[in-house]
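Sequences and hints are given; from them, build the entire structure.
Read top to bottom, the protein sequences are chains A and B. Going by the working numbering, the first sequence opens with residue 3, and the numbers climb by one from there. Going by the working numbering, the second sequence opens with residue 2, and the numbers climb by one from there.
Hints may contain errors.
[Unchecked claim] Below, simulated SDA-like cross-link-like pairs (lysine to any residue); rule was C-alpha separation at most 25 Å, straight line:
#, chain 1, residue 1, chain 2, residue 2
1, B, K42, B, N167
2, B, K168, A, A192
3, B, K49, B, L137
4, A, K90, B, G74
5, B, K163, A, N194
6, A, K90, B, I131
7, B, K166, A, V195
8, B, K49, B, F136
9, B, K166, A, I196
10, B, K166, B, A155
11, B, K168, A, L53
12, B, K163, B, L188
13, A, K90, B, D133
14, B, K163, A, A191
15, B, K166, A, R22
16, A, K90, B, I70
17, A, K90, B, L73
18, A, K90, A, L53
19, B, K163, A, K90
20, A, K123, B, A155
21, B, K168, A, F183
22, A, K123, A, A80
23, B, K168, A, R70
24, A, K90, B, I65
25, B, K42, B, H106
26, B, K166, A, A192
27, A, K90, B, A5
28, B, K168, A, N194
29, A, K90, B, L137
30, B, K49, B, L73
31, A, K90, B, K168
32, A, K90, B, V12
33, A, K90, B, P114
34, A, K123, A, R70
35, B, K168, A, A80
[Said to hold, decoys possible] Anything over 10 Å on all C-beta distances counts as not near chain B; from chain A, calculated:
#, residue
36, R68
37, L138
38, A142
39, V159
40, F160
In case anyone wonders, no lab produced these hints; they're calculated from the structure. Just so it is clear, the structure is predicted and the values come from calculations on it, not from any experiment. Cβ coordinates follow ideal geometry from the N, Cα and C atoms, glycine included.
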Amino acid sequence: MNEIRSAFRRNLLDENQVLRQILGICSILAVTNLLVNSLVMGLGLMFVLSLSSLTISALRSYIPHRVRMIIQIFIIAAYVIFVDIFIKAFSPDISRALGPYVGLIITNCIIMGRAEAYAQKNPPLLSLIDGFFAGLGYTAVLICIALIRELFGFGTVFGFDVNVLNLETWTIMVMPPAAFFIIGVMIWAASNVISRRQENRS
Amino acid sequence: MVDAPAIHPVVILMAAIFTSNMVLANFLGMCSFISVSNEYKTAVGLGKAVSLVMIVTTAINWLIYWYVIVPLGLEYLRFIIFIIVIAAVVQIIEMALDRYLPELHIKLGIFLPLITVNCAILGISLFMVIRDYSFLQTLFFGVGSGLGWWLAIAALAAIREKVAKNKLPRGLHGPALTFIITGIMALAFIGFAGTFIIQ
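Structural data, given as structure tokens:
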């Protein structure tokens, strides 16, 4: 239980992969103009990250140290192919909207980062938990940004029209610059919150 | 064989640099874009290396995709095959530079291995498949994307060098400010929108 709680805290707050480590930014910015796309992307990444952490950790004593990178990439790619085919089969529209970004989960630094920093050295079950919560931390940030962008950009939430006052939508929010501004401000806020907490503690 | 869209290659080249810039419009290669842009000289070095690898890998990946993967019906394996090609090309370029252009190799040295996991490189190979480009279009797309990435990281590094010494609100130093600067750059590049349309 303690491990789960510490993995939760570590990955969602103190060492959030996106806000604190600045990893996996490409897809965070690219798919967040619609909530549905972001949710699919987040679930896809959680799936790949949990299972690849589990597999890499289970195989860690059999993989020669020198070739571990390429083997890790193969393991990750296998799960990504699974996710890609799954999304294509069940929702061709979302697959088209996500474009190359599902395939790019392979080069998402979060997965390699967790494999190197955690799954290498820890038993399979702990790695699975760590991977799951790291993915959850990523998905949480993804959903936050997508909520802001979709709400202001289209006046909808998950495709439902919430713009009851018929306000003018804010087109810039669905364009690239807004993604940069929002993530910049979120990182700024996160680093302030954490540095303030550390000051209080000391 | 390829049902290529009727766009002139030069239009694709210009579009890849300005209107659908790899970093500023498609968000590819962000990790190294943010972390290796605090010094102008290194940023330019990385930009050169990325452009070189992009041009070579898209050309090779195009040939492999249309002459090997498609005839054999192995489309679902394209992620793995592209990654292997990229890793191999980076390795070969590194050895060739070491042999024939040792000076350039020393300059680019540390960046080359990093490029294997740069998502911009895999990204443009996947874009070229999704958009059904012909070989010539792919070549111009690779060159344009490389130049666009180079331009963006060089500009960002130059701005960051100027800003670095200023007094900033707490917590804004580093990545947060870099993202906001990139946002303003992206805003500026939107000015080119409509000039060339490929997406």
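Now the hints, each set against the structure:
{"no.": "1", "hint": "K42/B - N167/B", "verdict": "20 Å, holds"}
{"no.": "2", "hint": "K168/B - A192/A", "verdict": "20 Å, holds"}
{"no.": "3", "hint": "K49/B - L137/B", "verdict": "21 Å, holds"}
{"no.": "4", "hint": "K90/A - G74/B", "verdict": "17 Å, holds"}
{"no.": "5", "hint": "K163/B - N194/A", "verdict": "24 Å, holds"}
{"no.": "6", "hint": "K90/A - I131/B", "verdict": "13 Å, holds"}
{"no.": "7", "hint": "K166/B - V195/A", "verdict": "24 Å, holds"}
{"no.": "8", "hint": "K49/B - F136/B", "verdict": "22 Å, holds"}
{"no.": "9", "hint": "K166/B - I196/A", "verdict": "24 Å, holds"}
{"no.": "10", "hint": "K166/B - A155/B", "verdict": "18 Å, holds"}
{"no.": "11", "hint": "K168/B - L53/A", "verdict": "45 Å, violated"}
{"no.": "12", "hint": "K163/B - L188/B", "verdict": "20 Å, holds"}
{"no.": "13", "hint": "K90/A - D133/B", "verdict": "18 Å, holds"}
{"no.": "14", "hint": "K163/B - A191/A", "verdict": "24 Å, holds"}
{"no.": "15", "hint": "K166/B - R22/A", "verdict": "23 Å, holds"}
{"no.": "16", "hint": "K90/A - I70/B", "verdict": "19 Å, holds"}
{"no.": "17", "hint": "K90/A - L73/B", "verdict": "20 Å, holds"}
{"no.": "18", "hint": "K90/A - L53/A", "verdict": "20 Å, holds"}
{"no.": "19", "hint": "K163/B - K90/A", "verdict": "46 Å, violated"}
{"no.": "20", "hint": "K123/A - A155/B", "verdict": "38 Å, violated"}
{"no.": "21", "hint": "K168/B - F183/A", "verdict": "20 Å, holds"}
{"no.": "22", "hint": "K123/A - A80/A", "verdict": "22 Å, holds"}
{"no.": "23", "hint": "K168/B - R70/A", "verdict": "43 Å, violated"}
{"no.": "24", "hint": "K90/A - I65/B", "verdict": "23 Å, holds"}
{"no.": "25", "hint": "K42/B - H106/B", "verdict": "15 Å, holds"}
{"no.": "26", "hint": "K166/B - A192/A", "verdict": "23 Å, holds"}
{"no.": "27", "hint": "K90/A - A5/B", "verdict": "22 Å, holds"}
{"no.": "28", "hint": "K168/B - N194/A", "verdict": "16 Å, holds"}
{"no.": "29", "hint": "K90/A - L137/B", "verdict": "29 Å, violated"}
{"no.": "30", "hint": "K49/B - L73/B", "verdict": "35 Å, violated"}
{"no.": "31", "hint": "K90/A - K168/B", "verdict": "49 Å, violated"}
{"no.": "32", "hint": "K90/A - V12/B", "verdict": "31 Å, violated"}
{"no.": "33", "hint": "K90/A - P114/B", "verdict": "32 Å, violated"}
{"no.": "34", "hint": "K123/A - R70/A", "verdict": "13 Å, holds"}
{"no.": "35", "hint": "K168/B - A80/A", "verdict": "47 Å, violated"}
{"no.": "36", "hint": "R68", "verdict": "14 Å, holds"}
{"no.": "37", "hint": "L138", "verdict": "21 Å, holds"}
{"no.": "38", "hint": "A142", "verdict": "18 Å, holds"}
{"no.": "39", "hint": "V159", "verdict": "23 Å, holds"}
{"no.": "40", "hint": "F160", "verdict": "23 Å, holds"}
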